[in-house]
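A.B. asks: Here is what each chain is made of, one letter per residue.
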Amino acid sequence: MAVGAEAIFGDSVITSTLESALSWARESSMWPYVFGTACCAIEFMSVASSKYDISRFGAEVVRFSPRQADLLIVAGTISYKQAPILKKIYDQMCEPKWVISAGACACSGGFYDNYTTLQGIDAIIPVDVYVAGCPPRPEAFLDALLAIQKIQADERLLDDRAKRVFKGRLDA
Amino acid sequence: MPKAFLERFEKELSIDAYGAYKLDASLILQALHVLYQNDGYTFLVDMTAIDYLHQPSSLRRFAIVYLLRDRLFSNLITLKIDVDESLAVDSIASLFKSANWAEREIWDQYGIHFKNHPNLKRILNHKEFIGHPLRKDYPITQGQLCHRSDDLMDEMTPRLKRKGIESHDALMFLNLGPAHPASHGTIRTFVALEAETIRCAISEIGYLHRGFEKSCENHAYNQIIPYTDRLNYCSAILNNIAFAHAVEGILGIELPDRAQFIRVIIGELSRMIDHLVCLAAILVDMGALTNYWYLYNPRESVYDLLSKLTGARLTNSYMRIGGMSHDLYEGFEEDLHVCLRAIDTGVGDTLKLIEHNRIFHDRTQNVGIISQEEAINRSLSGPNLRACGVAYDLRVNAPYYHYESFDFDIALGSVGDVYDRIMVRFEEIRQSKRIIEQAMKRLPQGAVCVADRSISLPPKHEVYGNIEGLMNQFKLVFEGVKVPPSESYRAIEGANGELGFFIVSDGSPKPYKVKVRPPCFYAMAAYPSIIEGGMIADAILSLGSLNIIAGELDR
Ligand code: SF4
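Protein chains in written order, with the numbering used here: chain A, 1 to 172; chain B, 1 to 555.
Derived by calculation from the structure, the hints in this document are not laboratory data. This one's a predicted model, so the numbers in the text were calculated from it and none came from an experiment. For glycine and all other residues, C-beta sits at the position ideal for the given N, C-alpha and C. Among these hints, one or two may not hold up.
Said to hold, decoys possible - Think about it this way: if two alpha-carbon atoms lie no more than 25 Å apart in a straight line, the pair counts; the simulated SDA-like pairs of lysine to any residue are:
(1) K51(A) with S405(B)
(2) K97(B) with L29(B)
(3) K51(A) with A182(B)
(4) K460(B) with S488(B)
(5) K88(A) with S307(B)
(6) K87(A) with A132(A)
(7) K87(A) with K441(B)
(8) K510(B) with K441(B)
(9) K87(A) with G331(B)
(10) K510(B) with C134(A)
(11) K136(B) with K482(B)
(12) K127(B) with Q92(A)
(13) K51(A) with K22(B)
(14) K51(A) with A288(B)
(15) K167(A) with L145(B)
(16) K88(A) with E373(B)
(17) K136(B) with K441(B)
(18) K51(A) with D335(B)
(19) K22(B) with P484(B)
(20) K441(B) with G331(B)
(21) K51(A) with D344(B)
(22) K51(A) with H337(B)
(23) K88(A) with E128(B)
(24) K87(A) with R148(B)
(25) K161(B) with H117(B)
(26) K127(B) with L157(A)
(27) K161(B) with L120(B)
(28) K352(B) with S50(A)
(29) K127(B) with D171(A)
(30) K308(B) with C134(A)
(31) K22(B) with Q37(B)
(32) K87(A) with M153(B)
(33) K482(B) with N218(B)
(34) K127(B) with G177(B)
(35) K97(A) with E6(A)
Stated by the list, open to error - Negatives, chain A to chain B, calculated, CB over 10 Å:
(36) W24
(37) T37
(38) K81
(39) E95
(40) K97
Given these sequences and hints, build the entire structure.
C.D. replies: Below, the structure is given as structure tokens:
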């Protein structure tokens, strides 16, 4: 038997916590910042254009100011020279924020096991979802977006996310 | 023949085993002067260094190689000097502006000093980097963390001074990139603005330096093909072709006709889709978003074809040394026509919107001009050079794969502005279509790989059917293609210009050294001088029209 508001108003209202309502709203309006550096970024162009159409998932408002974005998509190789810039961009994004590491290079350095390539961005910033592929197919990008939505639905912002600690190689 | 050069240096010259003219290092600047003034060798193709540490027969550890073309672009000569213990040679940047960055790269990668260079500092590796990674004794996996980006003021202040600007009070300093939507990936340009006018600009590259050349040194030739995909990833297959072509040149093999024609067809298709991305992106930068969909969507249909043909959309790795991984599939021709039609429609729709569009004209015409002489001196090539009205196209000036037998035109501009660079690309898409159609008509039957079993894999029925085939497969997969000792350069017309590979081989299955001649590198070096004095909004269009692809630029 329903209690509270539902007992009075019947099916016309749903009660929930503020946090889950926020998450639900956020899920379908992610604003990504695409940190595209290389070949993977070209595949992201496909994700954004008509055929794969990321707007079906509410994430087509690509922002190029980190301050306006809540989803960082790192698509491409990150060199040691690029690493401090990636970190700066990440730091400039407001909480809550999520990170997708797209492609072999961002996840692990890919087949560039050499003097100049960072062997995975998770040495610098925290990552929520890793996407395999060199480059990942557009479907894989979309799948990652769905995975982020699932994370958002399942976790509690204030308890789980805000209290996370991360210390990377560039953190003093 | 460089007549004046040969006469003047008759006594000092020698020719090494691989056909390069060898000179004493102290004579290099003089020699290049004679070549430039008297013999018309005005185009510096590329320069690089070789570290002979692991080749004990060499007297000196380092050598520097200069590649030059004459006015007709069809004659190429190689000059080589040994570097003595002082590890310093004369800079040639006073003669060729393009040498400025090329010499910085050699300093960065090999630690060879150039005397009288205007600004000798690292270019690909970061400021905190210690050592010179392309030296043979630098371990390939020894990475070095970078904590801070270069503020570039060490370059900016003197450059402003040279322009007569002492005080910084009226200036606003701004970074365009490396994380900026209009910087196409990872390109950084640091500008000093007075209102919206750029007084001074400095470009910094290397943010996507991923050690291609060092990685080549510990991979077998065929294993390098996937790395080449990722140089200019907008036209991956053209990079495959350029690399395979260079290695095949050393091996001295001629591909079967069918293979050559397929390379032409797929290569031209790659050129078309490369131009499509460039044009789509620059129109977005201009605010003309609709055209992005018109131009990008045909690329999807080409992806469909390439996925069927090669299994991958973007990074195809279709070519092999001595041919390609397999023949075309059944139904290829129909799919190709679908692609060509889609591209036709996309290009037509776009042109309808922009061709007679006042805003488009105002934004692009007489903007970002580079003159013919300047462009040649700065070693620009491809559509960027042709936009200045210089008819240099390797498909015509030094034809390969029967290009001389195809009926097509070189698209030329007249002013060398953003407009010309855009329109030359539109026209090249049309011309590529003509070439493809002719090639499809003439496509012969036959093998797609050379028959030599020490170079290409045997057909599968032989591998499973007889012991010899099995042995061949096993040996080739385990050992790789062995390439005789050589030092040679060979190039094709890439989507962005002259795309060549200088390869040093030592008879083993891995190259001793590989140097790409990336057309973007020289275009990017010219960029600051193009945008200085212009408006900041125009700088964005100039960058887009040069089509800088970071993968190829930084390698
Ligand atoms: S993962 Fe592959 S496709 Fe993506 S940036 Fe790295 S090399 Fe390029």
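A.B. asks: Hints first: check each against the structure and report whether it holds.
C.D. replies: Each hint tested on the structure:
The hinted pair formed by K51(A) and S405(B) fails the criterion: a straight-line CA distance of about 38 Å is larger than 25 Å. With a C-alpha separation of about 14 Å, the suggested pairing of K97(B) with L29(B) holds against the 25 Å cut-off. At roughly 23 Å between alpha-carbon atoms, K51(A) and A182(B) fall within 25 Å of each other, so this suggested pair holds. For the hint pairing K460(B) with S488(B), the CA-to-CA distance comes to about 33 Å; that exceeds 25 Å, so the pair is violated.
For the hint pairing K88(A) with S307(B), the CA-to-CA distance comes to about 37 Å; that exceeds 25 Å, so the pair is violated. Restraint check for K87(A) and A132(A): the C-alpha separation of about 22 Å stays at or below 25 Å, so the hint holds. For the given pair, K87(A) sits about 54 Å from K441(B) by alpha-carbon distance, which is inconsistent with the 25 Å threshold. Using a Cα cut-off of 25 Å, the hinted pair K510(B) and K441(B) is violated, with the two alpha carbons roughly 38 Å apart.
A C-alpha spacing of about 48 Å is found between K87(A) and G331(B), which places the hinted pair above 25 Å, so the restraint is violated. Between the alpha carbons of K510(B) and C134(A) the distance comes to roughly 24 Å, so the proposed pair stays at or under 25 Å and holds. Restraint check for K136(B) and K482(B): the C-alpha separation of about 21 Å stays at or below 25 Å, so the hint holds. A distance of roughly 24 Å separates the Cα atoms of K127(B) and Q92(A); the hinted pair therefore holds under the 25 Å criterion.
Between the alpha carbons of K51(A) and K22(B) the distance comes to roughly 56 Å, so the proposed pair goes past 25 Å and is violated. Distance check on the hinted pair: K51(A) and A288(B) sit about 19 Å apart at the alpha-carbon level, within 25 Å; holds. In summary, the hint linking K167(A) to L145(B) is supported, as the alpha carbons are separated by about 15 Å, within the 25 Å threshold. Of the supplied pair hints, the one linking K88(A) and E373(B) is violated, its CA atoms being roughly 41 Å apart against a limit of 25 Å.
For the proposed pair K136(B) and K441(B), the alpha carbon gap of about 49 Å is over 25 Å, so the pair is violated. For the given pair, K51(A) sits about 18 Å from D335(B) by alpha-carbon distance, which is consistent with the 25 Å threshold. A distance of roughly 21 Å separates the Cα atoms of K22(B) and P484(B); the hinted pair therefore holds under the 25 Å criterion. Taken as a hint, the K441(B) and G331(B) pair is honoured in the structure, with Cα atoms around 15 Å apart against an allowance of 25 Å.
Distance check on the hinted pair: K51(A) and D344(B) sit about 18 Å apart at the alpha-carbon level, within 25 Å; holds. With a C-alpha separation of about 20 Å, the suggested pair K51(A) and H337(B) falls inside the 25 Å cut-off, and the hint holds. Distance restraint check for K88(A) and E128(B): the Cα-Cα separation of roughly 18 Å lies within the 25 Å cut-off, and the hinted pair is therefore satisfied. Distance check on the hinted pair: K87(A) and R148(B) sit about 11 Å apart at the alpha-carbon level, within 25 Å; holds.
At roughly 18 Å between alpha-carbon atoms, K161(B) and H117(B) fall within 25 Å of each other, so this suggested pair holds. Note on K127(B) and L157(A): the hinted pairing is violated, with a Cα-Cα distance of about 39 Å set against a maximum of 25 Å. Simply put, K161(B) and L120(B) have alpha-carbon atoms about 18 Å apart, close enough for the 25 Å limit, and the pair holds. Annotation: proposed proximity of K352(B) to S50(A) holds, straight-line Cα distance about 21 Å (limit 25 Å).
Straight-line distance between C-alpha atoms of K127(B) and D171(A) comes to about 19 Å, which keeps the hinted pair within the 25 Å bound. Using a Cα cut-off of 25 Å, the hinted pair K308(B) and C134(A) holds, with the two alpha carbons roughly 17 Å apart. The suggested pairing of K22(B) with Q37(B) holds, with an alpha-carbon distance near 20 Å, which does not exceed 25 Å. Distance hint between K87(A) and M153(B) is fulfilled; the C-alpha atoms sit about 22 Å from each other, no more than 25 Å.
The straight-line distance between the Cα atoms of K482(B) and N218(B) is roughly 14 Å, inside the 25 Å bound, and the hint therefore holds. The straight-line distance between the Cα atoms of K127(B) and G177(B) is roughly 17 Å, inside the 25 Å bound, and the hint therefore holds. Using a Cα cut-off of 25 Å, the hinted pair K97(A) and E6(A) is violated, with the two alpha carbons roughly 33 Å apart. The claim that W24(A) lies off the interface holds: its Cβ sits roughly 30 Å from the closest Cβ of chain B, which is beyond the 10 Å cut-off.
At roughly 5 Å from the closest C-beta of chain B, the C-beta of T37(A) falls inside 10 Å, breaking its exclusion from the interface. The claim that K81(A) lies off the interface is violated: its Cβ sits roughly 4 Å from the closest Cβ of chain B, which falls inside the 10 Å cut-off. Every CB of chain B lies more than 10 Å from the CB of E95(A), the least distance being 20 Å, so the non-interface label holds. Every CB of chain B is more than 10 Å from the CB of K97(A) (nearest about 16 Å), matching its label as outside the interface.
Of the hints listed earlier, those the structure fails to meet are numbers 1, 4, 5, 7, 8, 9, 13, 16, 17, 26, 35, 37, 38, in rising order.
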